[in-house]
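K.L.:
Could you put the whole structure together from the sequences, leaning on the hints where they help?
Chain order of the listed sequences is A and B.
The first sequence begins at 1 in full-length UniProt numbering and counts up by one.
The second sequence begins at 1 in full-length UniProt numbering and counts up by one.
These aren't lab readings, by the way, just hints derived from the structure by calculation.
Model, not experiment: these values are computed from the prediction.
The beta carbon of each residue, even a glycine, is placed where N, CA and C say it ideally should be.
Any given hint might turn out to be false.
In silico DSSO-like cross-links for lysine-lysine, where the CA-CA straight-line distance does not exceed 30 angstroms [what the hints assert, rightly or not]:
#	chain 1	residue 1	chain 2	residue 2
1	A	Lys96	B	Lys79
2	B	Lys78	A	Lys96
3	B	Lys254	B	Lys78
Restraint ranges, calculated between C-beta atoms of paired labels, are given here [said to hold, decoys possible]:
#	chain 1	residue 1	chain 2	residue 2	range
4	B	Glu244	A	Leu189	37 to 47 angstroms
5	B	Lys254	A	Leu103	47 to 57 angstroms
6	B	Lys120	A	Asn2	44 to 54 angstroms
7	A	Gln324	B	His200	54 to 64 angstroms
8	B	Gly131	A	Val401	46 to 56 angstroms
Okay, here's what each chain looks like letter by letter:
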Amino acid sequence: MNTLWEFLSMSDANVRYVTLGSILLAASSAVVGCFTVLRKRALVGDAVAHAVLPGVCLAFMLTGEKNQLILLLGSFLTGWLSLVVIDFITAKSRIKEDTAIGLVLSVFFGVGILFLTSIQHSGNENQSGLDKFLFGSAAALVGQDLVTFGIVAVLLLLSVVLLYKEFKLISFDVAYARTIGLPVRGLELLLTTLTVLAVVVGIQSVGVVLMSAMLITPAAAARFWTDRLGVMVVIAAAMSAFCGAAGAFVSYTAPAMPTGPWIVMLLSLLAIFSFVLAPKTGLAARLLLQRKVRRQMMRENILKTLFLLGEAQDNYSHSYSNKQIRDRRELPLLRMKEGLLVLRRQGLVTKSSQGWALTDAGKKEAQRVVRLHRLWELYLTQYLQVASDHVHEDAESIEHVLTPELERRLEELLDYPTQDPHQTIIPQQP
Amino acid sequence: MIQHVTDPVLEVHDLTVSYQRKPVLWDVDLTLPHKSLVGVIGPNGAGKSTLIKAIMGLLPLNSGYVQLFGKSLDEIRKKVSYVPQRESVDWDFPASALDVAMMGTYGQLGLFSRPGAKQKQQALEALEKVGMQDFANRQISQLSGGQQQRVFLARALAQDADLYLMDEPFAGVDIATETAIIELLRQMREAGKTVVVVHHDLQSAQDYFDWVILLNMRLVASGPTAETLTPALLEKTYGGRLTELSRVSELLHKKNFPIREKKPVRP
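P.N.:
In structure tokens:
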């Protein structure tokens, strides 16, 4: 607790740099990343990240020193060049975009490694720390870096705020954007430049390999929680900023822990969390819904079985044992018992010493299901020309789905029928 | 049978367009009258969408030019509205029906400025015209195909143009939607607008349109429906492709010949 307080007070200048730097970096790359993902150019970030390396090395080789700005400029140039090359290959050859990205990524990175090795063997004493670009080192951030980060972050956010509607439109429908006279080419160029910028500054703290995660992961995670672009961008930025701060905190408490990988790991956890737990679209929500539907189907099947047993004897209030029910229709015993208990709670069945019987309400509900079943069978034979011995299986599942509205439509279509294709009576609406 | 009109809404002059160095439209020359509902009709791969896209400046021209209201597209963009094919976008995009309709107002807004209450009002009115007001806040992927098509129409309506170019607005919509859309298009015509529609179904073309363009890699006919939708002209449009034309296209593509020796010049 004490450590957390110390961390939050930010009395240590170094902590301040690392934390603020990580937050700025994470949030701004998340914002740009949203548009990259929505324009289906998620892999592009990865290519740029790898293509930055030769630029850094080249800048160092030419100047012989590690001037922050010059290194940034070098990396920006090759990062940008890689995108131009990808676009050129895609436009002028038969090679598709994914292949072009793969090609460019590895070629640029290969050249970068080549340069890096040659620098390492050159004996230049300034070179120590250049390999930081490979894996990144947020802990090495200093005040100077923070200023650069801050400027870039403000630039990114400002562009997105000012050109929000334009970016939104070109991400959704480029052709339409062009027809209303938006400078699409310029906007795309700007968006690309922003992506490169985000990568270039981010790379120093998380490194080449992890950089694309900083762009893509928050966007992918945020998409689960909302259907609005504006909200998505804010959620992505907030998630990222939080992970940036948390990553800095981890490496503060355990100095051996690297900040960048921690940020990425936390982001990934958040993404998995979103994937599983997001309302409606999440895995858990869908599984729950599936279970709910399965249980409802089970209950309706039980009611229907009791109804069919009653129909045979023209006595719907008779009680039946578990075995009798299961002789009429094969139902898994445990699930059936579970279903019966719920039905009793709902007042649709009653239990006596002889077994289970339908209540009046239960009979009504059962009648509804049977009615839908037979209506559907009739519909299939009349409108789809399905043979009458094939319609039962189909109706078994459709009976649970049909809404009252569809029921009315079917009735009208079939002219208020009284008999199904097997000459059984279709129970009328009570 | 190519009929020209004086003082046209749209003039296409000697237009040749190609896809990946393969010409798909050859020397199209046509004019359209004011206040008309125009059907662009032809078999698959006839270049119907290409014609619309070329008019909207989405494809480079190999020859010829396009004039709208006697001016170039750039001068008159706000008066022209385009409805792309529904499949051309990803409907899983995080936006509501209202968001998409609002995009129709972006053109008049210009760069940087944000849509405000007025634009929202315009978009809502457009949604109401296509009967989608109850779905304004629905995420677009949750709409049916017909509803998505109507949202696209609403976006074009919000633009409040005088000439509308629509790429297959009836593709994949149910009959009720189709009737509603055609009714809307008729109202637009009555209000003095011109609507050009890429259409597939010959049967309905007869009573939907008052002007028809028949297309199959070249312009077969352009004129009032009664004189254009004749068995002879339809036979010419649908009765197989001109093989020589396709072969020349193929050759130009394979051997990398230029489609025109000179770049087109604007009038």
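K.L.:
It remains to establish, for every hint, whether it holds in the given structure.
P.N.:
Structure-based check of all given hints:
| no. | hint | result |
| --- | --- | --- |
| 1 | A:Lys96 <-> B:Lys79 | violated (37 angstroms) |
| 2 | B:Lys78 <-> A:Lys96 | violated (35 angstroms) |
| 3 | B:Lys254 <-> B:Lys78 | violated (39 angstroms) |
| 4 | B:Glu244 <-> A:Leu189: 37 to 47 angstroms | holds (42 angstroms) |
| 5 | B:Lys254 <-> A:Leu103: 47 to 57 angstroms | violated (25 angstroms) |
| 6 | B:Lys120 <-> A:Asn2: 44 to 54 angstroms | holds (52 angstroms) |
| 7 | A:Gln324 <-> B:His200: 54 to 64 angstroms | holds (59 angstroms) |
| 8 | B:Gly131 <-> A:Val401: 46 to 56 angstroms | violated (27 angstroms) |
Hints 1, 2, 3, 5 and 8 from the list above are not met by this structure, while the remaining hints are.
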